[in-house]
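*Asks:* Residue numbers (my numbering), protein chains in the order written: chain A, 1 to 122; chain B, 123 to 1134.
What the hints contain is simulated information worked out from the structure, not anything from laboratory work. Check before you lean on any hint, since a few could be wrong.
[Said to hold, decoys possible] Here are the simulated DMTMM-like cross-link-like pairs (lysine to aspartate or glutamate), alpha carbons at most 20 Å apart as the crow flies:
(1) K30/A to E841/B
(2) K30/A to E876/B
(3) K1031/B to D37/A
(4) K1033/B to E41/A
(5) K1019/B to D34/A
(6) K328/B to D374/B
(7) K1031/B to D34/A
(8) K78/A to D581/B
(9) K421/B to E23/A
(10) K88/A to E882/B
(11) K30/A to D812/B
(12) K42/A to D842/B
(13) K88/A to D877/B
(14) K84/A to D877/B
(15) K42/A to E23/A
(16) K1031/B to D39/A
(17) K1031/B to E41/A
(18) K30/A to D1023/B
(19) K78/A to D616/B
(20) K84/A to E882/B
(21) K30/A to D877/B
(22) K1033/B to D37/A
(23) K42/A to D1034/B
(24) K78/A to E586/B
(25) K30/A to E41/A
(26) K625/B to D601/B
(27) K421/B to E10/A
(28) K1031/B to E38/A
(29) K30/A to E882/B
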Amino acid sequence: MLLIHCPYCEEERPELEFAGAGEAHIERPKNMADISDEDFEKFFFIRENQKGLVYERWRHIHGCGRFFNAVRHSVSDKFIKTYKAGEKKPKLTKAEIEAVLPPAKNTPANEPVYTDGAKQKG
Amino acid sequence: MAQSKRVEHVSTSTENTGANRIAGKGRLSPAKTVSFTFDGKTLTALEGDTLASALLAHGIHLVGRSFKYHRPRGILAAGPEEPNALIDISRDSARRQPNVRATVQTVYDGMIAKSQNRFPSLSFDVGVANDYLGRFIPAGFYYKTFMWPRKAWDKLYEPVIRSAAGLGIAPKEADPDHYASRFAHCDVLVVGSGAAGLTAASIAAKSGKNVIFVDENASFGGSLLSDSTSRIDGQSGQDWAKNKVTELAAMDNVTLLSRTTAFGYQSHNMVNLVEQITDHLAQPGSNLPRERMWQVRAKKVILATGAIERHLVFADNDRPGIMLASAAQTYLNQYGVTPGRSIGVYTACDSAWHAAFDLKKAGVSIVALIDCRETVNQDLINQANELGIKTMVNHAVTSTSGRLRINSMTVQPVNGENKTVIAVDCLLMSGGWTPSVHLFSQSRGRVKFDAERGIFLPDVYMEECTSVGSCNGTYDLSDAIAEAATATETALGDIGAKARKAKLPKVEDSPSMHGFLIGAAKGAGPDDFVKAFIDFQNDVTAKDIRLAVREGFQSIEHVKRYTTTGMATDQGKMSNMHGLAIAAETLDKPIPEVGLTTFRAPYTPVTFGAFVGHAKGDLFDVTRTTPMHEWAVDQGAVFEDVGNWKRAWYFPQAGEDMHAAVARECKQTREAAGIFDASTLGKIEVVGPDAVKFMNLMYTNPWDKLAVGRCRYGIMCREDGFIYDDGVVGRLSEERFHVTTTTGGAPRVLNMMEDYLQTEFPEWKVWLTSTSEQWAVIGVQGPKAREIIEPLVEGIDLSSEGLPHMSVREGKICGVPTRLFRMSFTGETGFEINVHGDYGRSVWEAVWKRGAPLGMVPYGTEAMHVMRAEKGYIIVGQDTDGTVTPHDAAVDWAIGKKKTDFVGIRGLKRKDLVAEGRRQLVGLKTRQPDYVIEEGAQIVEDPNHPVPVPMIGFVTSSYWSESLGHSIAMGVIDNGHKRMGETVYVPMKDEVIAAEICSPVFYDPEGGRVNA
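Kindly generate the complete structure, drawing on both the sequences and the hints.
*Replies:* Here's what the structure looks like:
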C-alpha cells in the first residue's frame, strides 16, 4: 500500500484515503466545442501509460477532498513528489529520478529490464 | 482396538510420549503431557511438541498421500517449508482447518488430527494406481490428454481429476472464531529471530527507537535452538538467545511477536504480519481472536529470515522416513525426538555431518554417512571416525526401498557402479541451503546468483530494508552477528538514531554450512528412468522438468506453470533451485540466464479469516437505510439492495405475491394516491455566484433562463457524449440549485463536479455540498396527492397555477421547513416533500395518516419502475449503458442547442455519434398482450435467419402494466426511432416472441394527468 503525501494536508497518508484520477496535465481545451477530431482523440483517448515516470492525478477523497498531481515511477511505485493542481510539471533533477529507479543491474535474463521513462520521453 | 492399546500403554507407563524420545534432549519438560488423536488413534505428546515431533516420537512417519501419484509421504522438514505433512486439524466440527503443516502446528490437549488425500486409508490407498501409471502421466498430462471430447471435461474429466488429486477438504460450516486486525507503525521491523535477527533487534532496541520483532515460530532463537555446539560469549546458543529475548521483553519500545509470520512485503515499506493467537491453546478464551492481521509501516525493515535446507534429488527420495538432516537435528535438539534408530545420512553439505554427530552422541545409530562430494573437510571425517560413524565420501544414494517407510538404501560410488544395499529406518539428506529471499524479492529487490555457492542473494534494494545473516548468504555465525550489527547501525543512522557501536560477542564451535548440490544427483540423470522428486507437494520429478524443456518451454516461468513445480502451497521453498538447475542443465545455459521465478505473497498460507478480520456479518459492508426505513419494515415491506441502500421493493398484503402487490400499488396510486420513499436519491447543493455557469458546464441543458422556483430535468454526459447521470434540478435562488442524481450515481457525480471545479475552473465561485442524507424525501403521487398534503402545508400555494408541474417552493409542512417539489416520476400529479432527515419519519406518518383513509397506498421501487416505464421515463444504468447518447435515448430536447460549451459537447459531434442508424431507445409492445419479455433478451429482425442470427438490439426494461392491461417494454434497437410500427422478434428458449416497435410513452402521452 502506497504512502502518499497530500500537498494540501501536508501529510503522508495511506493509499486507502486516496483515489487515483488518471494522467495529469491534460488540459481541457478552452474552445472545446470546436476542436478537431485529432485534438479530441488526443484529449480524451490517448494516454501515455508508460513504464517509467508517470505524472498522475490523485484525489484525497477520504481526507481534504482535493485533487492534486504526483510524479511516480510506475515500476518502483516510488513518488518523486506530489504538488497542487494547477502547478506546472516540476523540473526533476537527475538525483531525484535516480532515487526512484528500480534496480536494473544483474537482472535475471527473463525479467524485463527497466528503463528510465524520463529519458525515453527525450 | 485403539482402546485396548491405550490401556496397555497406560499399564507400562502413565506418560508414554513415544518410544523415540531421547531422555535429556530437547527443551520440553517431560512432566507436562497432552493428548491428541491422529486418524482416530489417541497419542500422548509433550507440551510444546509440534504435531510432527509428537508423531515422530511415536515412530510415525507416514502422514499423507501425495497429490498426483498418491504415494505414501512422511514428514520431510521441521519448519514452515514442509511440503508433505499437511494435516486436517480440528477442535470441533466448525473449527476445522485442512492443509495445516504438521511441522508448525503445536499440539494441544484434545486436538484432532487427520491425514488427507487418502482413500480408504492412509496405509491402503486405491489412488496409488496413479503411481504405477506414472509413465503415462508426464508433465502437462492434463493439458494433452483431456482435450477431447470437449463435453467430457465438465462432466467426466474434471470431477474425477478433482476428486483424485488434491489435498484437504475445505470446511463447510461457518467459522465461529473471530479475527482481529491492526495497523502499526514502527521505526525498525526485524523479521526472524536467529542470531542475526536477535543482534539487530537488540541494537535497534537499545537506540531507543520503536522496534517490532517477529518470528514465525513459537520461540525466538531461530537455528540457535537446534544448534548443540556453538558457544556465544561462552554460553550455549539457546541461553544466549534466551537472555537476549528476556532483555528485549523488558523494554517498552519493543513489541515481541512470536508465532507471527511476515508474509507479505508491500510498497513503501508496509509489511503484512499474521499473528497466531489461539491455535496452540487447548481452551482459548472466547474473547481472544484466533489470529491477528498486522499491517506494519516501518521506517526500516531488517530481514533476518534465514535459509532453508534443500533435499537431494535421487530415485525414490520421497519415501516416509526420508527427511532433511536439519529437521532431524531440530527434532533431536528441540523436542528430544529421534526420527529413527538406524539412520543413514546422504549429503552434499557439511551441516548434515553435524546433524549426524548430534544424533550419534545422543545414542542413535548412524549406519552410514554418504557424501557425494569428492572431498570433505578432514576435520569432519576425523570427528566422524572418533564417533565411530562409517563415512562414504564421493558416494551417492541411488535408490531406496520400503513401501510405507524406508527400509534400505542403495549406495554407489559417484564414479562407479558397485551397489551396496544398507538397511536403514530413516535417511537424512541435505543438498545445502537456500537463502530465504522471499520477502526481499517481494519488496521488488533484485537478486544476483552466486555460482560458487549455488545461491541467489539480495543485490539491489528497492525498499528501505536490509538483509542480514544466512538470508544474505552469510552462513557463518560469527560473520552473521557482525553483519547484523553493522547493517543495523547503518539503518539506525539513516533514520536519525544514535547507535553506539555494539561490542561483538565471541563465537566458538559453530557448525559449517559449506557445500551444496543443486539439480539431479547421481542416478536421476536424463537417461535414468526413475522418480526423483523435485517438488514433493505437486509430485514433480526431474524428468518432468526435462520433458518440459524438450517440449519447447525455455523460460523458467513457463516451465513452472507447465510442470507445476513450485506452484503448490509451499511455493517451492525446497524445490525451486533444483527445478531451475535441471532446466538450466537441459537448456545448456547458465542458471542466471534461465532466471528465478517471482516470489509472491503470502510467504506461507494465510487463513481467509485473517484477511477478513472484522469485516464479516453486519460489518461486511455498510448498510444505508432511510429515516422511514423502520416504518416500511413494520408494514411488512420486502426490501431490495440498491448499492448499499435498503429500499422497500414492494409492500405485500396478506396472500399477495410480488406480482399482485405491484399491480395493486400501481393501480391504487393511479386511481387515488401512493406514498413513496425517495430519500435515497442523490442530492447536491450547488451554490455561488458562478453556480449557473457551472450548471451550464456540467449539464447538457441550458440553465440561464430557468426561473427561480422552477425545476428542470437535467442530463449529464461525459466528455465522450454518452449519458452519465440524470435528475431533476430545482433553482432556489439565482445562486442556488438543488440537484438530484440517481441513487447509485451521487458519489461519482459529485466527484466529477469537484474534478471540473477544482482542476479546470478553479477560479469559479461555486461550492458543492453533498446533501443526500440531510434530506428525507417523501413522494406523494396520484390524483389525490394535493388533497392529502394540502392541510399539512403552510405558506405554499399548491394549486396548478401556484405550483405548476416542475416547480419548487420553500415553506413549512407539519410545522417544519420543507423544500416542496411539484414533480412526478409516475405521470400523475406528484409532490416530493424534502424535509430534514430527522423529521422524515414524523412527516411521513402525518402524510400517511391523512392519505390512508383517502385510499393512498405505500408503493415500493418495483411499482415505481413500472409507473415510470409506462411514461417512458428512462433509468440511467438500466435503459442506458454508457454507449447511449441523449439522442439515442430520445431526450435530446434536454440539450441546449445554443450552448457553446458543456461536458460532452464535442463528444456528441463525433462521426459515429451523429451517424444515422444508431441503436436507439424505443417502446416495445408484444403481439401477445399478456407476455412479459425477459429484460436483457436479444432482439432480431428475422427469426428464420440461419444461425448466427444478427442481433439488432436488446430489451432494457419490461413489466406487466396493470393500468394498461398489457405488458410494456423498452429496448434499444438499431435505427429504432425510424422503425415505429415495425415488428421485431425476441427469440426465447422455447418460443419466439413478436413485438411491435412503438413510442416508449405508453400512458397518458398528452400529459394531462401530470399537470392536473
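*Asks:* For the pair supplied as a hint, K88/A and E882/B, is the alpha-carbon distance within the 20 Å limit?
*Replies:* Within the cut-off at roughly 14 Å; holds.
*Asks:* Taking 20 Å as the top limit, are the C-alpha atoms of K42/A and D842/B close enough?
*Replies:* OK: K42/A and D842/B at ~12 Å, within 20 Å.
*Asks:* Check whether the Cα positions of K84/A and D877/B lie no farther apart than 20 Å.
*Replies:* 13 Å, holds
*Asks:* Hey, K421/B versus E10/A, does the alpha-carbon distance stay inside 20 Å?
*Replies:* 19 Å, holds
*Asks:* Taking only the CA atoms, is the gap from K42/A to D1034/B under or equal to 20 Å?
*Replies:* Distance of about 17 Å is within 20 Å: holds.
*Asks:* For the pair supplied as a hint, K1033/B and E41/A, confirm whether the alpha-carbon distance does not exceed 20 Å.
*Replies:* Satisfied, since the Cα-Cα distance of roughly 12 Å is no more than 20 Å.
*Asks:* Below or equal to 20 Å on CA atoms is what counts here, so check K30/A against E841/B.
*Replies:* 14 Å, holds
*Asks:* Do the alpha carbons of K30/A and E876/B lie within 20 Å of each other, as the hint requires?
*Replies:* With a Cα-Cα distance of about 18 Å, the restraint between K30/A and E876/B holds, given a limit of 20 Å.
*Asks:* Is K1031/B within 20 Å of E41/A, Cα to Cα?
*Replies:* 12 Å, holds
*Asks:* Are the Cα atoms of K30/A and D877/B separated by 20 Å or less?
*Replies:* 16 Å, holds
*Asks:* Does the alpha-carbon distance linking K1033/B and D37/A stay inside the 20 Å limit?
*Replies:* 9 Å, holds
*Asks:* Could you grab the alpha-carbon distance between K1031/B and D39/A and see if it respects the 20 Å cut-off?
*Replies:* Given that 20 Å is the threshold and the Cα spacing comes to 13 Å, the pair holds.
Violated hint for the displayed structure: number 9, the only one.
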